[in-house]
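Protein sequence lines, in the order shown, are assigned to chains A and B. Numbering-wise (the numbering used here), the first sequence opens with residue 1442 and increments by one. Numbering-wise (the numbering used here), the second sequence opens with residue 136 and increments by one.
Quick caveat, the hints were computed from the structure, so don't treat them as lab data. Where a beta carbon is used, it is the ideal one built from N, C-alpha and C, also for glycine. Keep in mind that a hint or two might mislead.
According to the in silico footprint, chain A covers these stretches of chain B (three or more CB under 8 Å from chain A) [what the hints assert, rightly or not]:
| # | stretch |
| --- | --- |
| 1 | 225-238 |
| 2 | 335-344 |
Derived coverage of chain A by chain B (criterion: at least 3 residues anywhere in the stretch with Cβ under 8 Å from a Cβ of chain B; other residues may be distant) [said to hold, decoys possible]:
| # | stretch |
| --- | --- |
| 3 | 1559-1565 |
| 4 | 1611-1623 |
Chain residues, written in single-letter form:
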Amino acid sequence: MDKTQNNKAWFLVLPVLVIVAFSAIIPLMTVVNYSVNDTFGDNQFFWAGLEWFEEMVTSDRLHEALGRQILFSAIILAIEVPLGIYIALNMPKKGFWASVCLVLMALPLLIPFNVVGTIWQIFGRVDIGLLGHYLAELGIDYNYTNDPLDAWITVIVMDVWHWTSLVALLCYAGLQSIPNAYYQAARVDQASRWAVFRYIELPKMAGVLLIAVLLRFMDSFMIYTEPFVVTGGGPGNSTTFLSIDLVKMAIGQFDLGPAAAFSIMYFLVILLVSWVFYTVMTNLDKEEGK
Amino acid sequence: MSQITLKNLAHSYHANPRGEQDFALKEMDHVWDDGGAYALLGSSGCGKTTLLNIISGLLRPSQGRVLFGDRDVTDAETAERNIAQVFQFPVVYDTMTVRENLAFPLRNRGMDAAYIKARVTQIAAMIGMDHILDRKARGLTADAKQKISLGRGMVREDVNAILFDEPLTVIDPHMKWELRTQLKQLHREFGHTMIYVTHDQTEALTFADKVVVMYDGRVVQMGTPEELFETPAHTFVGYFIGSPGMNLLPAEIRGGTAQLQGAAVPLGAAYGPISGRTQIGIRPEYCVLTEGDGLPITIKRVEDVGRHRIIRGDVAGSTVNVIAPEGMAVGASLTHVRFTPDRINVYADDWRVAPIGGAV
């Protein structure tokens, strides 16, 4: 059958195209442009090829930041995921206290990032901070401004405080969707508490848990504001994560070329990890629907 | 295995029930004989599942005791009661294989591996899943999952009772019949007490030796399928069992006749004085259309259901259904309906009244 081609429909896509171009494509291309050129201001560009990429790939500074970044993400995932599951399992299922818990859990998520940073920056200060002061009173030598370990602990505790709720709430939603009959059947089958968790709760939570891990991984991998406000990346470079390093390089030192190359690689890494998660997730769905 | 006794049992989901209307299960005394096959029949929300969950210990009754044999198990945990229960919707452990699913209740009780293996093989053959034992339960159809649930319910040999909570709701009709037959066979073979909750009368009548009909939180009658059919103890039983249900007509009872708005209907037996709202009940199967004998009937509709025809009519302001056997001509000449006298039951305030001389 002959169909008359009507290409006017393409115009309907145009607004989206324009928006995406201005919000993503053009800025990204600007970065690409910087990454392959050398510039001394005045919009003068000199072709540099892959020089910046080579420099970045071999840069110790970047390797160190990447190492710190991976360590940070690994630690907070190792704490927040089990803790979130544990909290979700122990939250009341319904009634007044369930609502109270939900509101309390949601609170940290609603606080702007730099406010979270400021809260902990003050909280941990040895001179006026509630935490820092009393730790000092107890005779514990705690000072996040000059001890790298203390700085790390502060930043990690802060992230756990800020984001564990997200994992807990997602898991809670997953748990709520399990029909009561499953628990009843488990009681009839004489399943242990561990077996109930292992064979009923965990499989039913798997989907949301994966989303929680993805979100927490992405967010922690790109973390900037909170540690920047608390430690400024210090002491030394001990809490300088990838984003903080990137900003230092681009704005502090005005090394736009290397910073642009760095950005693009950073972006590709995150894209890769997201893709892996997406694949795993869709496979899980497929198995479910088989 | 043991007899299950319910003593003064009642249950309310309210913390402080104010009156009878707050009780999901009204006070009852009841004995389930060891090795019986019971069906618990009733419409949705009549308390069937509540009763079942109390027996299995998933729910603690607000009052009364539950006894297994001589042992009071009211406060005993489900696991302690050694009961199997199959739920309305399939419950399978998704991440386990079919084999692991079936073995799960045995493994939790520390049975030895050889026994588990033999038992699982046997049950798998029974539910027709022996060829997919090593598949993951995730992704099987609802049918298959429910069969696994049934299998898990039957895998333990030493249970006190097996409780089924509308287990065949999600199974397609052909399979339903097959599984029901298998359950029945299993019952004959092992003699477990089985309690089968359903709202489907065919299912109840074909499965059980004794059918327990519940209505509004009460057990209104417990009897063989025949008893339920011939002498329903409550108008609800008359209405709920049978297709269509029993015809009920308001009438005044005087000795051996019922007065229906001036017309006299002979009864099969004599009755003493009855107080309250009186009705007579007659099954459509025992109504005969005639050309002048009996009560005048206005025929509204005739439905042919294949094996017989159902005539929907109106007698003295009440709806009356008549079942006409196949081959009988239904014409305009049939203007009256005759009730077979000894098949008529008399009800006062919905409860059956026994005639004088008390033949049941």
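Evaluated hints:
Restraint check on the stretch 225-238 of chain B versus chain A: 5 residues with Cβ-Cβ distances below 8 Å, three needed, restraint holds. Given as covered by chain A, the stretch 335-344 of chain B fails the check, having 0 residues with a CB less than 8 Å from a CB of that chain where 3 are the minimum. With a threshold of 8 Å between beta carbons, the proposed coverage of the stretch 1559-1565 of chain A by chain B is violated, since 0 of its residues qualify and at least three are required. Counting residues of the stretch 1611-1623 of chain A whose beta carbon lies closer than 8 Å to any beta carbon of chain B gives 3, which reaches the threshold of three, so the coverage claim holds.
When each numbered hint is compared with the structure, violations occur for hints 2 and 3.
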